[in-house]
Structure formats: C-alpha cells, structure tokens
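Protein sequence lines, in the order shown, are assigned to chains A and B.
Residues 1 to 217, numbered by my numbering, are exactly what the first sequence covers, in order.
Residues 1 to 156, numbered by my numbering, are exactly what the second sequence covers, in order.
Keep in mind that a hint or two might mislead.
[As the list claims (entries may be wrong)] Capping the alpha-carbon separation at 27 Å, the derived lysine-lysine pairs in DSSO-like fashion look like this:
#	chain 1	residue 1	chain 2	residue 2
1	A	LYS194	B	LYS95
2	A	LYS156	B	LYS95
3	A	LYS80	A	LYS139
4	A	LYS156	A	LYS192
5	A	LYS176	B	LYS95
6	A	LYS192	B	LYS95
Derived by calculation from the structure, the hints in this document are not laboratory data.
Since this is a predicted model, take the numbers as computed values, not measurements.
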Amino acid sequence: MTTTADEPDEGMKARRGFVARSWDFARELWQVLIRPSSVFGLGVLVLAGFAAGVIFWGGFNTALELTNTEKFCTGCHEMKDNVYAELRSTIHFANRSGVRATCPDCHVPHNWTDKIARKMQASKEVWGKLFGTIDTREKFQDHRLELAAHEWARFKSNDSLECRNCHSADSMDITKQSPRASVAHQRFLFTKEKTCIDCHKGIAHHLPDMRGVPGWQ
Amino acid sequence: MMKRFGIALLAVAIAAGASSLTAQTVTSGLRGPTPLNDEGPAPPMTPMRNTSEREVRNYPEQPPVIPHSIDGYQVDLNGNKCLSCHARARIAESKAPMVSITHFMDRDGQFLASISPRRFFCTECHVPQNTANPPVSNDFTDIDTLLSRASPGGRR
Numbered sequence: 001m002t003t004t005a006d007e008p009d010e011g012m013k014a015r016r017g018f019v020a021r022s023w024d025f026a027r028e029l030w031q032v033l034i035r036p037s038s039v040f041g042l043g044v045l046v047l048a049g050f051a052a053g054v055i056f057w058g059g060f061n062t063a064l065e066l067t068n069t070e071k072f073c074t075g076c077h078e079m080k081d082n083v084y085a086e087l088r089s090t091i092h093f094a095n096r097s098g099v100r101a102t103c104p105d106c107h108v109p110h111n112w113t114d115k116i117a118r119k120m121q122a123s124k125e126v127w128g129k130l131f132g133t134i135d136t137r138e139k140f141q142d143h144r145l146e147l148a149a150h151e152w153a154r155f156k157s158n159d160s161l162e163c164r165n166c167h168s169a170d171s172m173d174i175t176k177q178s179p180r181a182s183v184a185h186q187r188f189l190f191t192k193e194k195t196c197i198d199c200h201k202g203i204a205h206h207l208p209d210m211r212g213v214p215g216w217q
Numbered sequence: 001m002m003k004r005f006g007i008a009l010l011a012v013a014i015a016a017g018a019s020s021l022t023a024q025t026v027t028s029g030l031r032g033p034t035p036l037n038d039e040g041p042a043p044p045m046t047p048m049r050n051t052s053e054r055e056v057r058n059y060p061e062q063p064p065v066i067p068h069s070i071d072g073y074q075v076d077l078n079g080n081k082c083l084s085c086h087a088r089a090r091i092a093e094s095k096a097p098m099v100s101i102t103h104f105m106d107r108d109g110q111f112l113a114s115i116s117p118r119r120f121f122c123t124e125c126h127v128p129q130n131t132a133n134p135p136v137s138n139d140f141t142d143i144d145t146l147l148s149r150a151s152p153g154g155r156r
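Looking at chain B on its own, in the form it has when it is part of the complex (with noise of 0.2 Å):
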C-alpha cells in the first residue's frame, strides 16, 4: 500500500516538473530566452576575424588559430591552398610563418622530406576565428601568469 502510495507521488512530481520545465523560460547564454522545447531563430553568422597578426597561444600546445579567412580554401587530395603560403619552400616569398616542422615528422618520431599525410589537413587542429562575442565567459588563466605569481596556491 505504501509503496503504491509511493510511486503515485512520484508520478505526480515527476509530471508537475515536466510541465512546470516546459513552461520555465531558461535563460542561457547560448540559448537565449527560447523555451527548451522550441528551436530558437539561428543568430547571424558574424565575419572571420582578418587581422592577419599573429596571435598569442593560451598555452604551449595549442595549434595557433588561424588570423585571416580561409573561405573557399581548397585543402584535399588534389591540392593545398594553405601550403601555397606556409610551405616551407614558400615562405620566403609569402612571409607567412613556415609550417612548423613536427608536421614533418611521421607517428615513429622519423622526419620525412614534406608534410606528414597525418598532418596535411590544417584545419584539423588550426581553425579561424570568429569575431563573435563569447556567450559563455571564461575565467582560464595563462600558465606564465600562474608562474609570475607571488605567492604558491590557487586564487580559487
């Protein structure tokens, strides 16, 4: 009787909620204030950012975005727009920076004589950047500001 009981409860709550969620309006950064069952209008598409200036890693190991548009870029078997500018044969004329040369390493650590194929698509770890305005802000901290710091221990 009881346990009865107990599952009629749990239905009702489990549909007071239901109900009360779809009524809700979430307000998210990425959302909006669109309900969560609806699809909200698509926000328009902003442009590249096109500075063409170098921009700062946030850490050691992150491929360096992209500063310039790359629309249209043809980058697959038949050829590499990319490459036209950032070879290492090209740069001189270009004045783009060279591909670094891990990209010519091959998975054994062994240096071939061109671009490794497991590095031929730059857009796979380089991606342009968008001049949108961050809907989620972000608290990361630069590891040189982490080092610079006086005292030992988090800030958090």
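Chain A on its own, in the form it takes in the complex (with noise of 0.2 Å):
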C-alpha cells in the first residue's frame, strides 16, 4: 500500500503500515495452518486436538455451569440485597414442600441455544456491574420497571417457557385449586388465550411502578 500525496496524514500512514503488518502475519498464520506438519505425526495432531477439544468444551461447559448458580448471582450485592432478598418472602423460596426456584430456574432458559443467547445479552449486565448502573437502592428502584419489561416481555414472548419447566398445563389438576385459579386457569390458561406472565407479575419479587402495565391500576 502506499501513501498519495493527498494523504499526508501521520497517523493514517502509521494505521495502513498496521494493517499492511496484520494481512502479512495472517498470510504467514494461514501459510502454516493449511501446510502439512513436518515434524508430528497425524496421530499425535489428531490426538492433541481431541486432547485440546475435550479441555476447551470441559471448560467453557463448567464455566457455563458456574455461571449459571444462585451463589454466583447473589455474589453481587446488586442481586443479593434487593432481589435474593425479595424472593426470600415468596413461595418460590419459602413453602410447605420445600422445592424452590433459583434465580437460573427462571432468568435462563434451560435449552442450550436459547440459553447461550441469553448469556450473550447477559454481557450487557456485566457493563452495567462495572459502570455501577444499580448499585443503590435508589438506582435499582428507578431501573426497575425497565428491568421487569425486559423480563416480562421475554416470559411473554417464549409462552412462559420458565414457569413451564415446572408448572406444565398439562398436570395441573384444577380440582385441587381454589375455586378462583381452577376458572381462570381454565378460562386463559388451558384456551392459550394468556400465559403465566400475563397474570402472574411480581410473584417473586417486588413490582415496578405500575402504571401503564395493561391490567394494572
């Protein structure tokens, strides 16, 4: 690449001369990479990659995993002093059976696709923890209608797939319910007509400002 005499510009030569350097260190790389080896075998490469693949998948799996636990998410005080503790009063924390919800059972979906989705736009949580977007109290109450809307309009968007994992339609015997959830289940639930969420907000932690959510005051 060469530089004109209408670019006289420092900084753009010294940017082209980078980019000019990366092309040829990528050539070289690519130059090595489609080369046959000349010093190991093909078993010993395809057992080292089998090797490296297994420790690549093993770890990203568990890091996967180690992410995805109650104890990591209340490892912030952002989650453990303000919605951990609102869960806590809740029957999907404290019940007569003894089977609860951590917070992945309802924030992450449990397929593995929709569940690498949703921890890519986790990322944006990590820049809010760095940037302290919610790290009062006060900041997590003016955030919070926003944060509800995004949960509420993916538990709307994917049928109430969370609340699902567990409560299926399917196995609710409404003879067995109070009068009053056996008709609407019937009425919304079994008809497809609503899902969970659409009557269900602000079962597991507090409700945002209210107004404007349809069906609220």
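Two chains, two separate frames, one set of hints: put the complex together.
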C-alpha cells in the first residue's frame, strides 16, 4: 500500500502500516496452517486436537454451569440485597414442601441455544456491574420498571417457558386448586388465551411502578 | 392505730390475692389453661377461607369480607394487585365484583375518575377470613331478624 500526496496524515500512515503488518501476519499463519506438518505425526496431531477439544469444551461448560448458580448471581450485592432479598419471602423460596426455584430456574432458558443467547445478552449486565448502573437501592428502584419489562417481554415471547419447566398445564389438577384459580386457568390458560406472566407478575420480586402496564391500575 | 391496722390488713389481702392469682389456672377461650404469668404455646396457624363465594354482610355498612386468600398481594405506591381484578375496567374479564362507587368519592363527596387515594389500601377495611373456630361465642343478631320479629322488644 502506498500513501499518495492527497493523504499526508502521519497517523493514517501508521494505521495503514499496522493493517498491512496484520495482513502479512495473517497470511503467514494461514500458510503454516494449510501446510502439512513436517514434525508431528498425524496421530499425534489428531490426539492432541482431541484432547484440546475435550479440555476446551469441558472448561466452557464448567464456566457456563458456574455462572448459572444462585451463588454466582447473589455474589453481587445488587442481586443479593434487592431481588434475592425480595424472593426469600415468596412462595418460590419458602413453602410447605421445600422445593424452591433458584435464580437461573426462571431467568436463564434451560435449552442450550437459548441459554447461550441469554448469556450473550447478559454481557450487558456485566457492563452495568462495572459502571454501577444499579449499585444503590435508589438506582435499582429507578431501573426497576425497565428491568422488569425486559423479563416480562421475554416470558411473553416464549410463552412463559421458564414457568412451564416446572408448572405444566397438563399436570395441573384444577380440582385441587381454589375455585378462583381453577376458573381462571380453565378460561385463560387452557384456551391459550393468556400465558402465565400475563396474570402472575410480581410473584417472586416486588413490582415496579405499574401505571400503564396492561391489567394494572 | 386503727388506720395502721387497716393498712396492714390491706397489704396482707393484696399479697394473698396476688399469690392465689398466680397459682390459679384461669381457663379462658383465648388463653387456654395457661397461667396468667406464663406465655402459652402459640396456636397453629389455620388456613384462609378460600371459597371465592361472596359472604353475607352482617350489617349494611360492613365492608364485605374477602372470601379468598390474598397471600403475597402487593398493595402499595407501585401497584394494587386487588385492582387488577376488582377495578372498574377489569371486572368484565375477571368476573369479580367492582369496587363500590363510594370508593371514587373524596372526603368532600366529590366523585373522582378513579379510586380515591383514601380508599386505595383495601385491607384497611376488607379482610380475608380465617377457618379458625371463634374462641369466644358471639350472639350477634342480624338487623333483618330483629325487624321481622313478631313482637317488639328485646329477646334479652
């Protein structure tokens, strides 16, 4: 690449130099990669690749599982002092049978592709943590509607999938429900007119300012 | 002399009364046989009445009781869970009774467009019912029973 008289800028020249050098490096690397190895045997390469693959995948999965626990979620005071504290008094934490939902049960999709997509979105939450977007109770309250709206939208669009991972409409015995619940589920849930989140907002955490939210005053 | 004897007698009487009170087991519907200076075991909590069937008011002014469980219902500045069924605009879908029109009135009797702030907190007047047996009996008589009595005058 050459610089013309029209572009006398020194910085531009340096950047072009960097681009050119990177390109050369990439080409060299490519040449190494496509040429057959003259030192290692094919078996060694295959086995080493296999072992590296196992280690990479295992590590990836371990990291994924490690960041998918309540301990990890409540490691930050933002979650521990706000949403986790609120969860503790609800039926999803304390109930007669002792079966409880942890953070990822509701907030991270269980199947792999959706989970990875959600994990990628969560990089914005890392940004929020670094810059202290909700590092006080007041800031958290200010963002509460926005944060809740994200979750409501996600539940609405996937037909409350994370609720249904435990609460199956097929397994619901409406004769064991209160008359009110049984009527509502027959009218709205079984007919697929509504999904869980349409009625069951604010069951695990406190509600944001609900003015303007459909169905609320 | 007489006065001093009187005071001594009174002191003895109070002491005797106090000791017999502490020793006595007073059986009352609320306390059970626990002595007055002891704290008895808390009775187990009984479930809420959850029939969803409207209950008769005992007198015309009585705030209707809530015939269903309201566990975890949030009623505060941010929202009112009760109103997501009982609000004017919600009853068509929910089939729940609408909040009375009196609840739209401010304290000067002027009707507002929505629930008056002073009527916002439902459980100040409306309460859910427990399935517990009343520990104290109640001989309350409904006004209609009184009105329809053949002869005037009290039963008591």
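Going down the list of hints, with the structure as the test:
1. LYS194/A x LYS95/B: Roughly 16 Å separates the two Cα atoms, so the pair holds.
2. LYS156/A x LYS95/B: 24 Å, holds
3. LYS80/A x LYS139/A: 15 Å, holds
4. LYS156/A x LYS192/A: 12 Å, holds
5. LYS176/A x LYS95/B: 21 Å, holds
6. LYS192/A x LYS95/B: Distance of about 19 Å is within 27 Å: holds.
In the structure shown, no violation is registered for any of the earlier numbered hints.
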